[in-house]
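Peer 1: Dock chain B against chain A, hints included.
Chains as they are written, first to last, in full-length UniProt numbering: chain A, 1 to 298; chain B, 1 to 93.
No incorrect hints appear here.
EDC-like mimics (lysine to aspartate or glutamate), calculated; alpha carbons at most 20 Å apart, straight line:
#1 B:Lys46 x A:Glu275
#2 B:Lys81 x A:Glu288
#3 A:Lys289 x B:Glu44
#4 B:Lys46 x A:Glu291
#5 A:Lys259 x B:Glu65
#6 A:Lys215 x B:Glu65
#7 A:Lys120 x A:Glu90
#8 A:Lys289 x B:Glu87
#9 A:Lys259 x B:Glu62
#10 A:Lys289 x B:Glu78
#11 B:Lys5 x B:Glu65
Read the hints as simulated data drawn from the structure, not as lab findings.
Single-letter residue listing:
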Amino acid sequence: MATLNISFLTQPHSTLRVFSNLSSQNNPSFSSYSLPKTSLLFPSITLRPKSRTSTRHASIVVAALKKLSETDPLTVPLQPDEISGSFPKESGVYAVYDSNGDLQFVGISRNIAASVLSHKNSVPQLCSSVKVGVVDEPDRTALTESWKSWMEEHIATSGKVPPGNEPGNSTWVRQPPKKKSDLRLTPGRHVQLTVPLEDLIDRLVKENKVVAFIKGSRSAPQCGFSQRVVAILESEGVDYESVDVLDEEYNSGLRETLKNYSNWPTFPQIFVKGELVGGCDILTSMYEKGELASLFKS
Amino acid sequence: MGVTKEQVESSLTSKLNPSHLEVIDMSGGCGAKFSIVIVAEQFEGKRLLERHRMVNGALAEEMKEIHALSITKALTPEQWKQQQESEKSQAAA
Numbered sequence: 001m002a003t004l005n006i007s008f009l010t011q012p013h014s015t016l017r018v019f020s021n022l023s024s025q026n027n028p029s030f031s032s033y034s035l036p037k038t039s040l041l042f043p044s045i046t047l048r049p050k051s052r053t054s055t056r057h058a059s060i061v062v063a064a065l066k067k068l069s070e071t072d073p074l075t076v077p078l079q080p081d082e083i084s085g086s087f088p089k090e091s092g093v094y095a096v097y098d099s100n101g102d103l104q105f106v107g108i109s110r111n112i113a114a115s116v117l118s119h120k121n122s123v124p125q126l127c128s129s130v131k132v133g134v135v136d137e138p139d140r141t142a143l144t145e146s147w148k149s150w151m152e153e154h155i156a157t158s159g160k161v162p163p164g165n166e167p168g169n170s171t172w173v174r175q176p177p178k179k180k181s182d183l184r185l186t187p188g189r190h191v192q193l194t195v196p197l198e199d200l201i202d203r204l205v206k207e208n209k210v211v212a213f214i215k216g217s218r219s220a221p222q223c224g225f226s227q228r229v230v231a232i233l234e235s236e237g238v239d240y241e242s243v244d245v246l247d248e249e250y251n252s253g254l255r256e257t258l259k260n261y262s263n264w265p266t267f268p269q270i271f272v273k274g275e276l277v278g279g280c281d282i283l284t285s286m287y288e289k290g291e292l293a294s295l296f297k298s
Numbered sequence: 001m002g003v004t005k006e007q008v009e010s011s012l013t014s015k016l017n018p019s020h021l022e023v024i025d026m027s028g029g030c031g032a033k034f035s036i037v038i039v040a041e042q043f044e045g046k047r048l049l050e051r052h053r054m055v056n057g058a059l060a061e062e063m064k065e066i067h068a069l070s071i072t073k074a075l076t077p078e079q080w081k082q083q084q085e086s087e088k089s090q091a092a093a
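The shape of chain A in the complex, shown without the other chains (with noise of 0.2 Å):
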C-alpha cells in the first residue's frame, strides 16, 4: 500500500479516466479524489502475469517508464533529512528494497521523496533501497499503469506479490493519526460567558500553536475551502486545532466575532503562534512554494 502525499491541488487538470477495458480487479482504487491525506488502497492483489491487457494508453505509459529490472536502486540515506535531496519530488512508481535486496514494496506516489522519508521513518529497517520511476503526466491512469507494470514484472519474474502489497499488510499504510476533535470555544449556548468571546479567542490562537478556523468538523468540513485547508495541514503533518465556526451550539456568535478580531472577511482563517497567515488561498499558495515548512517549524 501507498501513501498518495500530494494533493491533487497543483493539477486542476488532471481527468478522471475510465478504466473500462482493464480488469478491475488489478487496478489499485484511489479510494478519493481531492484529499491529500488519502491512503492508496491496493485491496486485492489478485494479478496474474498473463493479464497484460493494457490499452493502448497504458503502452504507451509503460513504454515511458523503465523496466522495473532495468531501473537501478538509490540507496536510502540514513539521515532522514538527507532522502529529500536523495530521490525525486515528482509523481510516480517506486519499489522498496530491504537490506537483502528482497523487494518489500510498490507503490505511488504524489511525491516520491516524501512517500520514502514516510516509510523509512515507520519501518526504517524494511527501507534499504529504493527503485524510482518518475511518471510524466501523471494522471491517475498513467500512475495506476506504471504501477501495474512493475507488479506485473515482479510477479512474472519471481511468482510472488512483494510481501507489502499483500491484501491485509498495512506495515507500509501510514496509520491514519488519531483524529483530533475540535475544539469548542464555549461551554455551551445557555452559559453566559464571564469574559467576551474575543478574549478566548486570544488565549485560544496564542495558547496553540496552528489554529485553524474552518466551516464544519476536521474530519467532515462543510466547505471546499475548508476542506482544502484541512487537507493541506494534514498532508503537512502539522499539529493543529481546529475549530469549527458553524457549530451554533458551542461556538455560538464566533463568526462574526472572529472576522473583526482578525479583520479578515472570510473563512477559513489559519493562525499560527496567534498570528494570522491567511485563508485558504494564501494557505494553498504558501504549500505550493514549499513555504509552509518553515512556518510550521519553529
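Peer 2: Structure of chain B alone, referenced to chain A:
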C-alpha cells in the same frame, strides 16, 4: 442582484490601480463567486496577507454579495514579470 465582473474590475482598478488584472466569474452568472489575479505596484513590500486584505478592502461593498472570492495571485509587477518569464522558459523547454 449579485455582482458583475465589471463591478469587481472597476472597484479594483480605481482603488488599487493594478497593472494587470484578471477577474473570472466562476459562479456561472449569479455573481457570487470570483477568481482574481491582480498585479499592482501597491503590493510592493507587503506580505501576502496584507495584499489580500487590500483586495478584500477594495471590494468591501461587493463582498456583501460575493460568497466566495478566490485571490489566486496577488503580485507586484516585478514578481509578475518573473513569473511570466519562468512560465515562458518552461514552455520553451
